[in-house]
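Assemble chain B onto chain A, guided by the hints.
Residues per chain, in single letters:
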Amino acid sequence: MRYRVAVAVAAVLLTACGSSGENSSASPSATPLSGTVSVFAAASLTEAFNALGTSFQGANSGVTMKFNFAGTPTLVTQIEQGAPVDVFASADTTNMDKLTGDGFTAGTPQVFARNKLEIVVASGNPKGITGLADLAKSGVIYITEGPTVPAGKYALQALKMAGVTVTPKSLETDVKSVVGKIELGEADAGIVYTTDVTAAGNKVQGVPVPDADNVIATYPIVAVKATANAAAANAFVAYVLSAAGQAKLQSFGFLSAS
Amino acid sequence: MRRERVPIVALVPAAIGAAFFIVPLIGLIVRSPWADAVAALTAPETLEALKLSLIASLSATAVALVLGVPMAWIYARVAFPGRDLLRALTTLPMVLPPVVGGIALLLAFGRRGLMGAWLATTFGITFPFTTAGVVMAETFVAMPFLILTVEAGLRSMDRRYEEAARALGANRWTVFTRVTLPLIGPSLFAGAVLCWARALGEFGATITFAGNFPGVTQTMPLAVYLLLETNHNASFILSLVLLLISLVVLVGLRDRWLGSA
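Which chain is which? The protein sequence lines are A and B, in order.
Each residue of the first sequence is one higher than the last, beginning at 1 in my numbering.
Each residue of the second sequence is one higher than the last, beginning at 1 in my numbering.
So here's chain A without its partners, still in its complex pose (with noise of 0.2 Å):
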């Protein structure tokens, strides 16, 4: 019975956070947080959250921040299997809905970001791809994320949309794995985010996915129920969610939360 009294307690907490969130920043709350804040997060927010880790630790001095990056389904797997985990931002709302029906989150999930797909190639576009259809040709090396991981279910939608046929020649197990396999030149093209693409810098470049065939991937984030640290933890999602850590995620490339 203590145990549900905590999770409600910390329900509220996360909600009044996540309510406050607009004006609240990166700026230290009433009493100072402490310990160590371990965030699961999506391949693709690899650069942004280790950017938003770092500002959010600059002005909570007592916190540490760890990162977990990897494929959503993978982080999903480890949190089901007790991995030691406060913050869960996933890449897609199938994975998190999952998560939350299962029982391991602390409050309702709130999206914290959007992206859109790109299609990412060597740099120079060697091949010459210059939209979807281009990736079914024949002599071009496409690769891309397995089903069960967000890109990849989206990118199954856009190639579905275009109507575009295409085997790949791997299913890897996250975004910056198909990335850094087009840098090795293993690969001639991969679909990723936009916001993989900017990270990559001048390695690889994008071909734009046209919106009448993009899928755009929404971004939610949660407090998870086993947290030791819950009011560092929800004052990291109430941060992911303020006016500064939006504006961060969107120099990484990513767009609004509506």
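Warning: the hint list may mix true and false statements.
[What the hints assert, rightly or not] Going by beta-carbon spacing under 8 Å, a handful of chain B positions derived as facing chain A:
#1 F213
#2 G215
#3 T217
Because the hints were derived from the structure by calculation, they are not lab data.
From the three backbone atoms N, C-alpha and C, an ideal C-beta is built for every residue, glycine too.
Just chain B, lined up with the frame of chain A:
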């Protein structure tokens, strides 16, 4: 034989150590959905991964035998400068993290790799994302087990049989095939089985170098890892299959060749 009384300072840590190995095995057995075992094992994706794993690991063992036995023979019989260094380099994958091996393979045999770029432009051959790439990754990681086992066999055999055969007029090839190979048969078999078991379990180098696609590069360990995210039950059952194979290999080798009393 007098039985030694086990002192408590040895018994407690030994028991904890043993439990550390045995409890995970029990966990796998207890948590496995036995009711779904047949369905999970006969699912098309399972059979595909199983078939690919068998083909790739047996091919890797064949390659390891063809290349590794001559290597072992040279290490055991020919003294040349830098032999120890060469042996260390060629058995490095035994201790190297497999994912590092995969990256190294990419840099050597990938489409832009040292040799791979030449192979791709000259012959149009590329290894990543192919079953051949899986075989290469598995051979890279598993062949050292065969080399070292066969070398140990060659070093411990009685060379007077070879000398006798030579004295009776047999040429070196005849001596090798009719005398040496039969004498080191047990080591050869043990090395091949160890190599095969290691190849069958290969994960890191495979997913890094060859990628992951059902029926082409998705071997059993890759399927186990990825199924954990979508279908726990199938993942547990496939794990059990791999566990069973490992157990059979170990018990088989122990009783016959690894010298249990």
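Now for the hints, and whether the structure bears them out:
1. Evaluation of the F213 (chain B) hint against chain A yields a held restraint, the C-beta minimum of about 5 Å falling below 8 Å.
2. With 8 Å as the threshold, the beta carbon of G215 (chain B) stays out of range of chain A, its nearest partner Cβ sitting at about 11 Å, so the hint is violated.
3. Contact between T217 (chain B) and chain A, as hinted, is supported at the beta carbon level, the nearest pair being about 7 Å apart and thus within 8 Å.
In summary, the one numbered hint that this structure violates is 2.
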